Amino acid sequence: MRPDIQPGAKFPDYELPDHTGTRRQLSKLQGGDPMVLVLSRGHFCPKDRQQHRLLVEMEPEIEVAYTKIVTISTDNLLELNEFRSGVGAHWPFLGDPGRQIQKDLDIAEYTDPQHNPMIPYTFVLEPGLVIHSMYNGYWFWGRPSPADLRRDLREVTLKIRPDWDLGAPGLRQKWETGDKKEFWPYGKSLREVVSGITG
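If you want my numbering, it's the position in the sequence shown, counting the first as 1, plus 507.
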């Protein structure tokens with residue numbers, strides 16, 4: 508892994524085709540929310556399928572917590588769709604069969620020349636693609652458990668949501684005087700929020 512990819516640094520804003528063939532930029536997928544980003548070996552890997560099944564179980568929690576998930580693998584369009592539908596995921600899967608990210612981040616899994624995948628990493632990102640935490644998943648126990656993700660996402664949400672504690676000094680007064688920019692949806696219209704969730 509490139510030495511500059513560490514907690515506190517900004518993750519590169521890659522743009523890749525998703526499972527429908529539409530080019531998607533990470534920052535646009537994230538919006539202003541926390542994001543779990545999985546760099547996956549691909550559809551062939553049983554460890555990756557298991558990790559994604561755990562994420563599918565968490566998906567309802569992640570959605571109501573205004574959090575995003577994105578998976579990137581070196582799979583082609585067909586494999587990407589088979590992987591996504593095979594685990595029952597509903598979030599964007601991005602394909603990088605040209606291995607742009609693998610090369611840029613220096614994460615070629617050289618122990619598997621047959622598949623030539625990326626070393627699997629999972630990132631929890633703050634808004635702006637800022638790395639909060641990162642997990643090297645070459646061995647399965649290096650990958651974040653649901654408890655790890657809940658802890659990390661709680662920390663990120665506490666940091667970025669000024670209305671985390673409605674009992675915080677001064678917050679009620681702001682609400683009562685109509686100053687609602689520190690309250691969800693933070694100055695956005697509900698239409699903007701909903702389009703960001705479904706987009």
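No lab work stands behind these hints, which were simulated from the structure alone. Hints may contain errors.
As the list claims (entries may be wrong) - Derived Cβ-Cβ restraints for the label pairs, each shown as a range:
1. K687 x G593: 41 to 47 angstroms
2. Q680 x P553: 52 to 58 angstroms
3. L585 x D511: 18 to 24 angstroms
What the hints assert, rightly or not - Below, computed lysine-lysine pairings styled on DSS-like, alpha-carbon distance capped at 30 angstroms:
4. K554 x K610
5. K695 x K666
6. K554 x K688
Nothing here was measured: the structure is a model prediction, and the numbers come from that model. Ideal Cβ placement from N, Cα and C applies to all residues, glycine included.
Hint by hint, which ones does the structure fall short of? 3 and 6
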